[in-house]
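Visitor: Could you build the full structure based on these sequences and the hints that come with them?
Protein chains: 2
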Amino acid sequence: MIKEITSPQNNKIKHATSLKLGKYRQQYQEFLAEGYKSLELALQAGIVKEIFTLKEIPNIKQDIVQYIVNLPLLKKLSSTQNPEGVVFVCLKQNKKPKKLDKVVYLDKISDPGNMGTIIRTAFAFNYDAVILSDECCDPYNEKVVAASKGAIFLIPVIQQDLSSLKEKRTIVVSTLSEKAQELNDVHINKPFVLVLGNEAHGVSESSLLLADVLVKIDISNIDSLNVSVAAGILMHHFR
Amino acid sequence: MIKEITSPQNNKIKHATSLKLGKYRQQYQEFLAEGYKSLELALQAGIVKEIFTLKEIPNIKQDIVQYIVNLPLLKKLSSTQNPEGVVFVCLKQNKKPKKLDKVVYLDKISDPGNMGTIIRTAFAFNYDAVILSDECCDPYNEKVVAASKGAIFLIPVIQQDLSSLKEKRTIVVSTLSEKAQELNDVHINKPFVLVLGNEAHGVSESSLLLADVLVKIDISNIDSLNVSVAAGILMHHFR
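Protein sequences appear in the order of chains L and W.
One point on numbering: in the working numbering, the residue at position 109 of the first sequence is 109, and numbering is uninterrupted.
In the working numbering, each residue carries its 1-based index in the second sequence increased by 239.
None of these hints come from the bench; they were simulated from the model.
All clues stand as given, with none of them false.
Derived pair list, reagent style SDA-like, types lysine to any residue, alpha-carbon separation capped at 20 Å:
#, chain 1, residue 1, chain 2, residue 2
1, L, Lys168, L, His187
2, W, Lys288, W, Leu330
3, W, Lys418, W, Val452
4, W, Lys259, W, Pro311
5, W, Lys382, L, Asn82
6, L, Lys98, W, Asn460
7, L, Lys76, L, Glu50
8, W, Lys337, L, Ser220
9, W, Lys405, W, Asp373
10, L, Lys37, W, Ile458
11, L, Lys37, L, Ile57
12, L, Lys143, W, Gly352
13, L, Lys37, W, Ile461
14, L, Lys37, W, Gly441
15, L, Lys143, W, Ile461
16, L, Lys37, W, Asn460
Over the 10 Å line for every Cβ pair with chain L, so calculated as not near, a few chain W residues:
#, residue
17, Gln266
18, Thr292
19, Asp302
This one's a predicted model, so the numbers in the text were calculated from it and none came from an experiment.
For every residue, glycine included, the Cβ atom is placed at its ideal position computed from N, Cα and C.
Guide: Structure follows, in structure tokens:
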């Protein structure tokens, strides 16, 4: 169905804009996303509620309303300065993982760009799920959604304690500790959990206590890699 | 030397603020950076011209002036909402690489965060230089500098044509092409150039024509990895 909206006071616009705040994402169990490629993946996941677009998009199911808006309204909804032309509301799906044999665990990751990029990489390397500790940033933050490039619609992202995953799984913790083994010397079998730590502080003490294997990437000159780069190298190795 | 500045109209503040624009970075051959850890690396590189800080920093050489400023002034200079407490002006150094045996070539990389992260990773894996094609973003953009975590002060970042690097070097091009070999099957010796393409369009036709080896990272589910993640995986492999 196609409708037109011209007023910023329209209730649909107000509702969608409210989803920029975590408390409304929580209250309504909805979140915002944007871009044509992302829309394609969100439609594939069946979680699109309504679409705000500059022009009609062909082949959208009848029950998903397309609101045609002007550029100022689209910019109001978008999180980028030059929006691609489409912003849409998604339903949080609380997708349950089928199995947890190969998962990445984010220990207090605070940067939305890093989280989104890690979700994208985990999906690309066929991980079963991305598991978040408490104190991570909100995975439905627009920047996480954008950086995930739609992966967040399709891979389960759940919150769970690392301790609850330990039984039967090898806990592999990425750390700069001298006790850690160099990545290329580490070979593990499924099921396993790969643990990545906070950008500034690394993995927490409680995660280190649960570790079966400590692993590090050999680097020179500088203290550390960006966590999403480190995650990429580790997930590529532990495929 | 320590001085105090309280006015936003102060010439030092005006000059430093102007460096947020590429044309003034070009005109003065200077750029802005911030944060204590970055300052440490910039001092190590000997490129710090002057410092704006909330409070005096100990052990700074006498000839580098420390301007003590208040929080509103610091925020004016900073590119982050919550600055760490120090912003400083650096001299572009045009550092010449000692050799170009192991280099990464960025083919029209446009996102400053990606470029900074790749510079950080190249430095961590002991690359000789980061080489930029034309049409890349400005490597002295604040976001590049921030994402590089100080690596940009210490690894040569230069602009040069790929064709000028081809003689005597293996040109390894990262591409999603079906003709590309899977990364783990590719082993090359120095000297080499690793070529990474634009976020949206991949490597350019002219770079593909110069390629000796096409390489790809096997992924599922999704079109591509983030370019700085792909760069990390490739540089970790080609160390």
